[in-house]
Amino acid sequence: MQRLFKVQTSGPGLYEFTGEVVRFVRDSGLREGLLTLFVQHTSCSLLVQENADPDVRQDLDEFFRRLVPSSDDPSMQWLRHTNEGPDDMPAHIKAALTPVSLSIPVTDGRLALGTWQGIFLFEHRAGGQTRRVVGQLTS
Amino acid sequence: MQRLFKVQTSGPGLYEFTGEVVRFVRDSGLREGLLTLFVQHTSCSLLVQENADPDVRQDLDEFFRRLVPSSDDPSMQWLRHTNEGPDDMPAHIKAALTPVSLSIPVTDGRLALGTWQGIFLFEHRAGGQTRRVVGQLTS
Amino acid sequence: MQRLFKVQTSGPGLYEFTGEVVRFVRDSGLREGLLTLFVQHTSCSLLVQENADPDVRQDLDEFFRRLVPSSDDPSMQWLRHTNEGPDDMPAHIKAALTPVSLSIPVTDGRLALGTWQGIFLFEHRAGGQTRRVVGQLTS
Numbered sequence: 001m002q003r004l005f006k007v008q009t010s011g012p013g014l015y016e017f018t019g020e021v022v023r024f025v026r027d028s029g030l031r032e033g034l035l036t037l038f039v040q041h042t043s044c045s046l047l048v049q050e051n052a053d054p055d056v057r058q059d060l061d062e063f064f065r066r067l068v069p070s071s072d073d074p075s076m077q078w079l080r081h082t083n084e085g086p087d088d089m090p091a092h093i094k095a096a097l098t099p100v101s102l103s104i105p106v107t108d109g110r111l112a113l114g115t116w117q118g119i120f121l122f123e124h125r126a127g128g129q130t131r132r133v134v135g136q137l138t139s
Numbered sequence: 001m002q003r004l005f006k007v008q009t010s011g012p013g014l015y016e017f018t019g020e021v022v023r024f025v026r027d028s029g030l031r032e033g034l035l036t037l038f039v040q041h042t043s044c045s046l047l048v049q050e051n052a053d054p055d056v057r058q059d060l061d062e063f064f065r066r067l068v069p070s071s072d073d074p075s076m077q078w079l080r081h082t083n084e085g086p087d088d089m090p091a092h093i094k095a096a097l098t099p100v101s102l103s104i105p106v107t108d109g110r111l112a113l114g115t116w117q118g119i120f121l122f123e124h125r126a127g128g129q130t131r132r133v134v135g136q137l138t139s
Numbered sequence: 001m002q003r004l005f006k007v008q009t010s011g012p013g014l015y016e017f018t019g020e021v022v023r024f025v026r027d028s029g030l031r032e033g034l035l036t037l038f039v040q041h042t043s044c045s046l047l048v049q050e051n052a053d054p055d056v057r058q059d060l061d062e063f064f065r066r067l068v069p070s071s072d073d074p075s076m077q078w079l080r081h082t083n084e085g086p087d088d089m090p091a092h093i094k095a096a097l098t099p100v101s102l103s104i105p106v107t108d109g110r111l112a113l114g115t116w117q118g119i120f121l122f123e124h125r126a127g128g129q130t131r132r133v134v135g136q137l138t139s
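If you read the sequences in order, they're chains A, B and C. In case it helps, the working numbering puts the first sequence at residues 1 to 139. In case it helps, the working numbering puts the second sequence at residues 1 to 139. In case it helps, the working numbering puts the third sequence at residues 1 to 139.
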């Protein structure tokens with residue numbers, strides 16, 4: 001079973017879509033198996049992270065912006081791929097440092113997420129985007 | 001087929017549990033398919049890494065501690081999420097930089113690990129914890 | 001269904017092998033399911049990244065070389081595991097920061113890659129190597 005999730009973003013940061021994924025698994029009727037998510041882009045990524053304190057999401061986003069500054073930052077003058085904007089190549093780098101695919105087991109008809117785990121689209125581009133994530137259930 | 005692995009940790013570092021996973025696959029009788037591991041936490045992660053020289057594990061752990069210092073380090077004063085201790089937010093960041101899930105093929109009834117590959121729980125918190133990893137076999 | 005891909009490398013960088021993987025999926029006849037790739041080494045990794053502008057690959061490689069310099073660089077004097085050459089321990093670290101396994105859905109008999117996505121072996125060692133990647137299809 002497969003479903004396409006669309007996640008609307010509006011600049012860098014973590015966008016939770018746990019609810020949609022939970023419903024997809026529930027509606028499928030699958031009792032035990034594996035859910036895999038795959039993002040069809042190279043400038044955003046996927047994360048399973050804490051969904052309790054929103055400060056965690058802000059700190060995660062800021063860490064990555066400090067690790068990989070915009071290409072107009074003096075420390076990033078060595079970048080070659082700058083023609084798509086100062087946020088583009090850093091976005092590719094952040095997408096290489098974080099997952100393009102994630103797999104989560106299904107147990108007794110439910111996603112086997114831990115208590116504090118949520119599923120996030122991690123946007124790395126400056127502008128708003130509609131991001132496509134393919135969800136696949138296998139048994 | 002599914003199994004829950006519990007890995008006891010006592011501070012930051014890599015804890016190998018290849019043996020338990022190998023036994024799970026062998027006991028399942030599966031000849032060809034896929035083993036997926038998923039860690040139900042947001043402050044530790046999973047790694048497949050060299051299990052020959054223990055210095056590799058120490059160097060890996062130290063690299064991540066240098067890249068993401070404790071939140072009481074002067075370089076990390078910008079962190080917001082500090083109420084769960086100076087090791088907590090850095091643990092979330094390290095968990096974002098390393099896998100929450102891993103998939104390894106099963107070939108002729110065995111995990112298709114390379115010669116020097118072992119499976120590790122990568123603990124990022126300071127204290128001792130019992131960590132939960134769900135293993136799922138699909139064919 | 002399983003296939004072993006061999007990727008010949010000649011020093012650090014990204015080596016695309018999307019074509020071989022696409023053919024494996026097509027030849028399998030599978031209409032819907034999941035392709036998983038797993039690299040049987042601990043000093044190279046896998047990436048799904050942009051395959052349009054080759055500058056993106058160069059920038060990615062250079063970012064990782066700047067983040068994790070060779071162990072004969074003054075900033076890396078703390079490394080212990082240096083007996084296999086100055087490129088070896090940095091290669092293990094880069095392999096921990098990037099995926100050992102990737103999963104991509106199969107939709108209507110084709111890999112569900114986005115428009116600009118290619119599949120790459122990311123070599124982190126200095127010398128030439130033949131790298132083994134196991135591909136597994138599950139439904």
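Keep in mind that the hints were calculated from the coordinates and are not lab data. Please note that the accuracy of each hint is not assured.
Claimed, not checked - Cβ-Cβ distance ranges computed for the label pairs, FRET-style:
| no. | chain 1 | residue 1 | chain 2 | residue 2 | range |
| --- | --- | --- | --- | --- | --- |
| 1 | A | SER10 | B | GLN58 | 24 to 30 Å |
| 2 | A | ALA126 | C | ARG31 | 36 to 42 Å |
| 3 | C | ALA52 | A | ASP108 | 24 to 30 Å |
| 4 | C | ASN83 | A | THR82 | 36 to 42 Å |
| 5 | A | SER10 | B | TRP78 | 52 to 58 Å |
| 6 | A | ALA126 | C | THR18 | 34 to 40 Å |
| 7 | A | THR82 | B | SER139 | 27 to 33 Å |
| 8 | C | GLU84 | B | SER75 | 26 to 32 Å |
Said to hold, decoys possible - Just so you have them, the derived chain C footprint on chain A, three or more residues with Cβ under 8 Å:
| no. | stretch |
| --- | --- |
| 9 | 75 to 82 |
| 10 | 115 to 128 |
Built from N, CA and C at the ideal position, the CB exists for glycine as well.
Those earlier numbered hints the structure runs against, lowest number first: 1, 3, 5, 6, 7 and 10
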